[in-house]
Amino acid sequence: PYRQDREMARNLIGADRFVEIFLDTPMNVCESRDVKGLYAKARLGEIPNFTGINSAYEIPENPDILLNTERVNVKDAVSIIIKKVIG
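Residue numbers (the working numbering): 1325 to 1411.
Source of the hints: derived by calculation from the structure; they are not laboratory data.
A quick note: this is a predicted structure, and the numbers were derived from the prediction, not measured.
It cannot be assumed that every hint is accurate.
Per label pair, the in silico range of CB-to-CB distance [said to hold, decoys possible]:
(1) 1386 with 1350: 19 to 25 Å
(2) 1392 with 1331: 22 to 28 Å
(3) 1369 with 1411: 24 to 30 Å
(4) 1338 with 1371: 32 to 38 Å
(5) 1388 with 1354: 18 to 24 Å
(6) 1355 with 1402: 33 to 39 Å
(7) 1402 with 1333: 18 to 24 Å
(8) 1340 with 1370: 37 to 43 Å
(9) 1369 with 1399: 20 to 26 Å
(10) 1367 with 1405: 27 to 33 Å
(11) 1368 with 1408: 19 to 25 Å
We put the CB at the ideal spot given by N, CA and C, even for glycine.
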């Protein structure tokens, strides 16, 4: 969830092989898609360090791929990712 960690991964993996993908999804949409009820449990304090609820998330400043999951369906998102990764 932290920029510093993603940058460390980029450096370890190599900038030419690392692809940062940001699935831009509003919190209310994430919660509505949560069939396991994890967001509700996190809000009740039952799950500590849950990213976006009681633990910070730092939005990527310049991701290689930005997908708004409210507008892009799964099939199209996968296609976009594959085109970026494979070329």
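Results for each hint:
no., hint, verdict
1, 1386 with 1350: 19 to 25 Å, "holds (21 Å)"
2, 1392 with 1331: 22 to 28 Å, "holds (23 Å)"
3, 1369 with 1411: 24 to 30 Å, "violated (46 Å)"
4, 1338 with 1371: 32 to 38 Å, "holds (34 Å)"
5, 1388 with 1354: 18 to 24 Å, "holds (22 Å)"
6, 1355 with 1402: 33 to 39 Å, "violated (23 Å)"
7, 1402 with 1333: 18 to 24 Å, "holds (21 Å)"
8, 1340 with 1370: 37 to 43 Å, "holds (42 Å)"
9, 1369 with 1399: 20 to 26 Å, "violated (37 Å)"
10, 1367 with 1405: 27 to 33 Å, "holds (30 Å)"
11, 1368 with 1408: 19 to 25 Å, "violated (38 Å)"
Checked against the numbered hints given earlier, the structure breaks hints 3, 6, 9 and 11 and satisfies all the rest.
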